[in-house]
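FYI, the numbering for the sequence shown is 912 to 1169, going by my numbering.
Think of the hints as simulated: they come from the structure by calculation, not from any bench.
Derived CB-CB ranges, DEER-like: (1) I1039 x D1092: 26 to 32 Å; (2) N940 x R1099: 29 to 35 Å; (3) E1068 x S1040: 16 to 22 Å; (4) K964 x R1094: 39 to 45 Å; (5) N1038 x S1135: 27 to 33 Å.
Cut-off 27 Å, straight-line C-alpha distance, at most; resulting in silico cross-link-like pairs (DSS-like, lysine-lysine): (6) K1081 x K1010; (7) K1081 x K1018; (8) K1011 x K964; (9) K976 x K1022; (10) K976 x K1011; (11) K976 x K1010.
Glycine included, every Cβ here is placed at the ideal spot set by N, Cα and C.
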Amino acid sequence: MNVLAVYSIKGGVGKTSSAVNLAYTAARNGHRVLVWDLDPQGASSYYFRIKPKVKGGSRELIAGKRELDGLIKGTDFENLDLLPADFSFRNLDLVLDAKKKPTQQLKKLLKPLAEEYDFIFLDCPPNISLLSEAVFEAADILLSPIIPTTLSLRTLEQLEKFIKDNDLNKLALVPFFSMVDRRKKMHRDIMASLTESHPEILTASIPYASDIERMGLERMPLGSYVKKSQSIAAYDALWQEIWSVCCQQLRKIKSNKQ
912 MNVLAVYSIK GGVGKTSSAV NLAYTAARNG HRVLVWDLDP QGASSYYFRI
962 KPKVKGGSRE LIAGKRELDG LIKGTDFENL DLLPADFSFR NLDLVLDAKK
1012 KPTQQLKKLL KPLAEEYDFI FLDCPPNISL LSEAVFEAAD ILLSPIIPTT
1062 LSLRTLEQLE KFIKDNDLNK LALVPFFSMV DRRKKMHRDI MASLTESHPE
1112 ILTASIPYAS DIERMGLERM PLGSYVKKSQ SIAAYDALWQ EIWSVCCQQL
1162 RKIKSNKQ
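When you get a sec, could you build the whole thing from the sequences and use the hints?
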């Protein structure tokens, strides 16, 4: 099981659309996939046409009174399940803070699902908080979408510093460009300079495109209502790069165990 957290300190960077479309692409490629919508706004749940409601809310979930596999919902797509959001998730920081080893709680909840799924995508709210730290502990890879603007670059630097300062050495930070408008010289220039200084940024980038924006109207992943487009090709290419990173991570884990 690979846990991939789609995370950014900054909101409005295409985080949820990326989580949903990458999960859909992985499932379409034959992997067993779960999306956990951790954002109280419930955007991923909305895209999958599933009510953002968790029985018992965040308090009973973190208390261990509700096991995750009993809360998971099937989507309309093969190999793809959803653990929906709940508005009570807005209090997850407080609920976690009341527990011993709060940053280990999400990892503990996910552990029993290891045999059921190949990939678990965490759609995370945009902030740095106790929940974020729990996400960092639970995730194998932190997928961070960045728009090629100065503010997005600043948040990437903040995230890099946080990971370094907190010795999160096992967490692989994997940034990628999102909502790219190649007609803008600033976007092209920032992408060129940042790729040079940050070679870990993935080559594939997600365009700012109307077919992706339509997800809010269609309430489904992009590939289910558009069969061929630049955006579809971009998500396919991005997934292939992420898959390669996952394979590298698995090889490192096996090597460390030997």
